[in-house]
Amino acid sequence: MNRSELARLSLVVVLFVVVQDTVMLDLRIGGVHPDIMLLLPILAGIVGGPSRGAGIGFATGLVADLFLPTPFGLSALVGCLVGFGVGLATIALDRSAWWLVLVVALGASALYEVTYGVLGSVLGQPQMLHVALARIVVVVAVTNVLLAIVAVRLVKWGMAEASTEGMPTSEAGIGAA
Amino acid sequence: MAPPRRSRRPRTTLLLLVLAAVTIITLDARGGLHVVTSGVRSGASDAFSPIRSGVNAIVEPIGSFLAGSVHYGAVREQNQKLQAEIDQLKMGNQSSVDQAEALRQLSALLHLTYLGNLQSVPAQVTDFGTSDFAATIDINVGRSDGVQLSMPVVGNGGLVGQIVKVSHHTATVRLISDGQSAVGVRYGPAPGALAVLNGTGAGRPLSADLVPSNTPLTPGEVMVTSGLQGALFPAGIPVAHVVSSHTGDTATQESVSLLPESDLTHLRYVTVVLWAPST
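Here the protein sequences line up with chains A and B, keeping their order.
The numbering of the first sequence is the working numbering, which starts it at 1 and goes up by one.
The numbering of the second sequence is the working numbering, which starts it at 1 and goes up by one.
In case anyone wonders, no lab produced these hints; they're calculated from the structure.
Glycine included, C-beta positions come from ideal geometry on N, C-alpha and C.
Hints should not be assumed to be uniformly reliable.
Examples of chain A residues lying across from chain B (beta carbon under 10 Å, computed) [said to hold, decoys possible]:
1) Val17
2) Gln20
3) Thr22
4) Arg28
5) His33
6) Gly49
7) Asp65
8) Leu66
9) Phe72
10) Leu77
11) Gly87
12) Gly124
Start from the sequences, fold in the hints, and give me the full structure.
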């Protein structure tokens with residue numbers, strides 16, 4: 001990852017944090033607020049593949065953990081797993097298909113929230129499963145589908161240049177939105 | 001679109017990242033890294049606070065609009081209520097109901113008899129929880145006001161929760177309804193029997209632990225903090241009242257359901273008690 005990509009990605013992450021902690025916290029549906037921070041590992045997995053999905057999922061998860069009351073590092077753990085999983089699951093698919101992002105955002109958001117609750121519970125926070133998990137899954141997955149089209153453009157922009165600049169094995173076009 | 005660049009060993013990368021994450025979680029939970037992580041979290045909150053308030057001022061109307069479109073039915077009902085209220089206000093030339101309510105809550109906080117001589121700081125609730133997986137609130141006081149980790153937070157009726165994160169000007173309170181919360185209490189005639197009240201999640205009743213089976217409990221009976229040596233809260237703060245209790249055929253403990261004395265869903269102002277647990 002070069003400086004340009006790091007700066008762009010940082011900007012995208014800060015934008016996501018700002019939107020999450022302002023608009024999304026005010027927006028409560030059935031007592032649950034949307035969580036756009038988990039779109040970052042999901043979309044990084046689609047755009048960059050398993051390795052970069054895992055790496056970016058870990059880093060953005062740590063940033064998300066700074067603002068959450070849940071155990072520090074839990075979002076990083078789930079983020080790298082989901083980023084890797086999404087990268088692996090979509091590796092053989094035509095990533096230019098417009099519907100792919102929507103389907104993956106829906107499925108991976110739901111999977112993320114369930115994994116988050118289960119892993120939190122396993123790692124000493126059993127109360128994390130005593131929540132309205134079904135409602136959280138539905139609200140977060142549906143809002144993320146609605147926002148995925150815009151969000152994927154931002155993530156592609158953030159991850160664009162590094163894959164085409166200064167790397168002999170890189171392939172052009174990843175960032176072309 | 002061309003396929004993405006693939007690492008030669010993505011599984012190794014994943015394994016290393018998972019190990020790193022589990023290590024961070026473990027060290028944070030065991031206390032080794034907690035000083036560092038709470039410092040970083042506090043720094044991030046401080047740095048982010050001005051951005052957040054600036055952006056909030058701009059986007060709050062948008063958030064309200066979106067919330068309004070989602071809660072159309074509730075908003076319409078609220079609109080009708082407000083309309084009726086406006087008519088009433090015009091007729092009676094009353095002061096704003098909202099201001100009166102705020103004043104009522106604040107005045108009540110000034111006369112919390114159960115606090116005795118303990119020093120306290122009033123605070124405004126700024127956010128109702130940043131995670132769907134925990135019952136917390138954010139308040140607008142922090143270290144600069146003398147607030148420290150683990151200090152108790154009370155509301156009009158009684159105990160609200162405990163400070164779990166503190167930055168320079170803000171703090172996060174874990175509510176007693178959170179599943180991780182456990183409060184030592186006394187109940188019954190003096191000197192009172194001991195029990196532990198556990199949270200079961202936001203908006204749900206509390207449950208009591210260590211109440212022997214067939215203990216006579218009347219609905220409405222209030223349980224107060226025990227204040228035992230090393231307790232997390234000072235003695236005598238009302239916590240919750242009994243709603244129902246029953247004993248199973250083979251149970252050794254009474255199954256008790258309680259509601260918090262403070263209305264945790266409508267908190268606007270709270271008081272942080274400047275009292276740290278003795279260790």
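Comparing the hints with the structure gives:
Annotation: Val17 (chain A) was flagged as interfacial toward chain B, and the flag holds, the nearest CB pair being 7 Å apart, inside 10 Å. Below 10 Å, beta-carbon pairs count as interface contacts, and Gln20 (chain A) has one with chain B at about 9 Å; its hint therefore holds. Because the smallest distance between the Cβ of Thr22 (chain A) and any Cβ of chain B comes to about 5 Å, under 10 Å, the interface hint for this residue holds. Here the hint on Arg28 (chain A) is kept, as its CB sits about 7 Å from the closest CB of chain B, short of 10 Å.
Contact between His33 (chain A) and chain B, as hinted, is supported at the beta carbon level, the nearest pair being about 7 Å apart and thus within 10 Å. Proximity of Gly49 (chain A) to chain B holds as hinted, the smallest CB-CB distance being about 4 Å (cut-off 10 Å). Because the beta carbon of Asp65 (chain A) sits about 8 Å from the nearest beta carbon in chain B, less than 10 Å, this interface hint is met. Interface restraint check for Leu66 (chain A): the shortest CB-CB distance to chain B comes to about 4 Å, inside 10 Å, so the restraint holds.
Annotation: Phe72 (chain A) was flagged as interfacial toward chain B, and the flag holds, the nearest CB pair being 4 Å apart, inside 10 Å. Of the supplied interface hints, the one on Leu77 (chain A) holds, with its beta-carbon coming within about 4 Å of a beta-carbon of chain B, less than 10 Å. For Gly87 (chain A), the suggested interface contact is upheld, since its CB lies about 8 Å from the closest CB of chain B, less than 10 Å. Checking Gly124 (chain A) against chain B: minimum C-beta separation of about 6 Å stays under 10 Å; hint holds.
In this structure, every one of the numbered hints holds.
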